[in-house]
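**Student:** Take a look at the letters that make up each chain.
2 protein chains.
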Amino acid sequence: MSIKEDEFINALRKRGYRATRQRLTILKALRGSSTHPTAEELYNMVKPQIPNISLGTVYRSLELFERLGLLQKLSLGKSPCRYNGNPKMHYHAICLSCGRVFDVDEPVPNDLGRRFSEKTGFKITGYKLEFYGYCKECLSKSRKPEVR
Amino acid sequence: MSIKEDEFINALRKRGYRATRQRLTILKALRGSSTHPTAEELYNMVKPQIPNISLGTVYRSLELFERLGLLQKLSLGKSPCRYNGNPKMHYHAICLSCGRVFDVDEPVPNDLGRRFSEKTGFKITGYKLEFYGYCKECLSKSRKPEVR
DNA sequence: TTAGATGCAAAGGGTTTGCAACGTC
DNA sequence: GACGTTGCAAACCCTTTGCATCTAA
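Top line first, the protein sequences correspond to chains A and R. Numbering-wise, the numbering used here puts 110 at position 84 of the first sequence, and it's gapless, one number per residue. Numbering-wise, the numbering used here puts 130 at position 104 of the second sequence, and it's gapless, one number per residue.
Read the hints as simulated data drawn from the structure, not as lab findings. A couple of the hints might just be wrong.
Heads up, the list lumps identical chains together, so a pair's fine if it works in one copy or across two of them.
[As the list claims (entries may be wrong)] Result set (DSSO-like, lysine-lysine): computed pairs, CA atoms no more than 27 Å apart in a straight line:
hint, residue 1, residue 2
1, K149, K99
2, K154, K104
3, K162, K149
4, K99, K162
5, K99, K54
6, K104, K73
7, K40, K104
8, K154, K99
9, K162, K40
10, K104, K149
Work the whole structure out from these sequences, hints included.
**Tutor:** And the structure:
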């Protein structure tokens, strides 16, 4: 865990960013969470350790982490964005009816996007795969399922 | 084209929604556009034909179309959401530096998500695959590329 | 006829931002 | 000491919503 922390600190310094207590604490909270917390949830998770941290700092850190490829940002319908700091890439399935986010544990085609990258010179640092549809519960409840 | 329009009208009526001029016009504008317009861009595209249409109606229609699986909504960083009405599924590659959206014309693994669906009873109506990274131009310009 | 849809405009709220103070290097 | 970062709170602006009116069925 501390080895990873060093890696993170180096990754920041290498690019001229500072390894502040706020950033370290936020990333640790994100990594330690198996859910996909919102910015506000992270704010509350971090507050016991840094009581006067501000929500703005959380947003600024998350934006930086995204640019550094350290997390996945999930923009769901109306609800606030959720952040996935799990280094293991995985898919999500999002229910269009209740809005819940499900993890999908399926193998990832490992050459996904390689051809595009070679053809265009686009450097892929990450990807996001989201399935949309309706979860079991909503399907059984809905009187008018909007399913193709 | 008119056949497709009939299909759309039926899809709406079947579920108790009305086939209004606004909805038909908005969907046609979206289908006829190869870019991924924002709600406001669609609003301006439709305005010549329905001068007193409101932005709220555009948003409400787009939200309905999404629930019906007729479009793909793309939530990009800070910019407003973009809507992809191209019936042919495709991927996108989003540059984290300049924010541009590139279409990826690569074959889609056709059984993606099938296992998850069978296992969990989740009914998949669509999916979204986005690559993140840095486009050629930004890579060559950037003095401090934030690339892993 | 009547229930769903629209137009309008105001409200909403997640996210961003300016600036002075602070902390890292 | 210099400059990147934070805290605070106000501003932003995309998106949603309430309500009277309209219209598709």
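**Student:** So, for every hint listed, does it hold in this structure?
**Tutor:** Do the hints match the structure? See the list:
1. K149 with K99: For K149 and K99, the Cα distance is within 27 Å both inside one copy (18 Å) and across copies (23 Å).
2. K154 with K104: both (19 Å within a copy, 17 Å between copies)
3. K162 with K149: Answer is between; shortest inter-copy Cα gap is 7 Å, intra-copy 38 Å.
4. K99 with K162: both (25 Å within a copy, 23 Å between copies)
5. K99 with K54: Within one copy, since 16 Å is at most 27 Å while 31 Å is not.
6. K104 with K73: both (26 Å within a copy, 26 Å between copies)
7. K40 with K104: Between copies, since 26 Å is at most 27 Å while 37 Å is not.
8. K154 with K99: both (9 Å within a copy, 14 Å between copies)
9. K162 with K40: between (47 Å within a copy, 22 Å between copies)
10. K104 with K149: between (30 Å within a copy, 21 Å between copies)
Violation of the numbered hints given earlier is absent; every hint is satisfied by the structure.
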